[in-house]
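All chains should be built: construct the whole structure from the sequences, respecting the hints.
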Amino acid sequence: MTLREYQTALASSSPTPGGGTAAAIALGQASALTCMVCDLTIGREKWKEGWAYAEETVRETIPLLTKSGILADDDSQAFDEVMAAYKLPRETESEKENRRKAIKLSSLKATNVPLETARLSLALLERLPQLARVSNV
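Going by this note's numbering, the first residue of the sequence shown is number 1, and it counts up by one from there.
Everything hinted at is true.
Listed next, the in silico SDA-like pairs over lysine to any residue satisfying Cα-Cα at most 20 Å (straight line):
hint, residue 1, residue 2
1, Lys101, Asn112
2, Lys101, Glu91
3, Lys104, Glu93
4, Lys109, Gln77
5, Lys104, Asp80
6, Lys46, Val134
7, Lys104, Gln77
Note that these hints are calculated values from the structure, not bench results. Please read these numbers as outputs of a predicted model, since none were measured by experiment.
So, in structure tokens, the structure goes:
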């Protein structure tokens, strides 16, 4: 999906992609920009003081580039599972119980994905003040 296609889908009335997907993509963009700042710092004599911190930051941030994409996909899939659970039949008591369990499990999964995105975003955010002090920003 292109960026334009993603933005069009996000702006639509479709339930996915939604806010969790957008947050994960924002994490990926923030990670990429953090790596860019580090790359503009490492090897530049003027910023020698920040090389070690920039190198450490890159090592910690590069995995977020992949993980954020996975989280974006997982968020959409998890929400689709919630929607599917709500559409399960509920005529018999057994069907009602199966539906209730499916809604509960899928909702739990759907909250865990953005929670992980938030956790990783906070970890990245906590690195940025020091990076700003010692890097080529």
